[in-house]
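*Asks:* Sequence:
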Amino acid sequence: MSRNTVQTTVKKKSQAYEIWRRFRKNKAAMLGLIIFSIMVLLAIFADVICDYDTQVIAQDMEIRLQPPSAEHWFGTDLYGRDIFARVVHGARISIIIGLVATAGSVLISGILGSVAGYYGGRVDNIIMRVLDMFLAIPGELLAMAIVASLGSSMTNLLIAVTIARIPPFTRVVRSSILTVIDQDYIESAVASGSKDSYIILKHVLPNAMGPIIIQATMGVGRMILTAAGMSFIGMGVQPPVPEWGSMLAEGRDFMRYSPYITLFPGLAIILTSLSLNLLGDGLRDALDPKLKN
1 MSRNTVQTTV KKKSQAYEIW RRFRKNKAAM LGLIIFSIMV LLAIFADVIC
51 DYDTQVIAQD MEIRLQPPSA EHWFGTDLYG RDIFARVVHG ARISIIIGLV
101 ATAGSVLISG ILGSVAGYYG GRVDNIIMRV LDMFLAIPGE LLAMAIVASL
151 GSSMTNLLIA VTIARIPPFT RVVRSSILTV IDQDYIESAV ASGSKDSYII
201 LKHVLPNAMG PIIIQATMGV GRMILTAAGM SFIGMGVQPP VPEWGSMLAE
251 GRDFMRYSPY ITLFPGLAII LTSLSLNLLG DGLRDALDPK LKN
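All residue numbers for the sequence shown refer to the working numbering, where the first residue is 1 and numbers rise by one.
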């Protein structure tokens, strides 16, 4: 291994450690990390914690609308299904939607924003004007229109929320690219005859990743909220699949007499979104301490 390679590796490790040190000092961000880690663990081990067939979707009308107890920690819903089991398995659905939709939108936005910011001129105008037309439509309304045309399913919901988040993500990527393309090392790479694709992937994007990572982290929470809202109005994940938004819809008629049916899935949505917002704020301060001031 060459000396330059060793120095680069050591520098990257020291930068990562410094970012983690600043992040760790933020108590709110650490709280968000802990809460989201718990949610992820619940999603991963959902089948170990609760059986899907017997506790999540199996109906037992004899025990319907039972309040929280030692046997049913969060009580049972109007079909006699265990609410705790459904919340745990619902974490898997909601987190998968949030992560997959965010990854898809960031990937597409990264390509569009990089091309628009790097080349500028006519290419930039064409891409951004097309996206401006989509930005004129609220994201949730655009997602509803897509699901209405494609049909209600988890796959179509993923497609809808992914497309709805591409325009704002693209603007963030483009703004980040514009802050680095005038740097000396970019001009040196261009003067050396490197290909545009190499310059974008090797020099431009790595130095513009801070704001992108922050927006992506917060975007996961936004995706979860959007998906829950779509499911609540019947345009997302369909019953009996446990999804937090559809669970709220099923229990809204019983809020006066059995509020726990909507309380626990509502808390799950709030805690997950809050934890991701706290994570995003912590990453912002850790990646660029100047922003904190």
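Hints may be right or wrong, so weigh each one.
[Said to hold, decoys possible] Listed next, the in silico EDC-like pairs over lysine to aspartate or glutamate satisfying Cα-Cα at most 20 Å (straight line):
#, residue 1, residue 2
1, 195, 182
2, 27, 196
3, 27, 281
[What the hints assert, rightly or not] Label pairs and their in silico Cβ distance ranges:
#, residue 1, residue 2, range
4, 79, 152, 25 to 33 Å
5, 121, 153, 17 to 25 Å
6, 125, 24, 26 to 34 Å
7, 61, 233, 23 to 31 Å
8, 119, 52, 46 to 54 Å
9, 47, 191, 55 to 63 Å
10, 252, 195, 34 to 42 Å
For the record, the hints were derived by calculation from the structure and aren't laboratory data.
These figures come from a predicted structure and were not determined experimentally.
All C-beta atoms in this analysis are idealised placements derived from N, C-alpha and C, irrespective of residue type, glycine included.
*Asks:* Against each hint, give a clear statement of whether it holds in the structure.
*Replies:* Results of checking the hints against the structure:
| no. | hint | verdict |
| --- | --- | --- |
| 1 | 195 <-> 182 | holds, 17 Å |
| 2 | 27 <-> 196 | violated, 41 Å |
| 3 | 27 <-> 281 | holds, 11 Å |
| 4 | 79 <-> 152: 25 to 33 Å | violated, 20 Å |
| 5 | 121 <-> 153: 17 to 25 Å | violated, 41 Å |
| 6 | 125 <-> 24: 26 to 34 Å | violated, 43 Å |
| 7 | 61 <-> 233: 23 to 31 Å | holds, 26 Å |
| 8 | 119 <-> 52: 46 to 54 Å | holds, 49 Å |
| 9 | 47 <-> 191: 55 to 63 Å | holds, 56 Å |
| 10 | 252 <-> 195: 34 to 42 Å | violated, 56 Å |
Comparing the model with each numbered hint stated earlier shows that hints 2, 4, 5, 6 and 10 do not hold.
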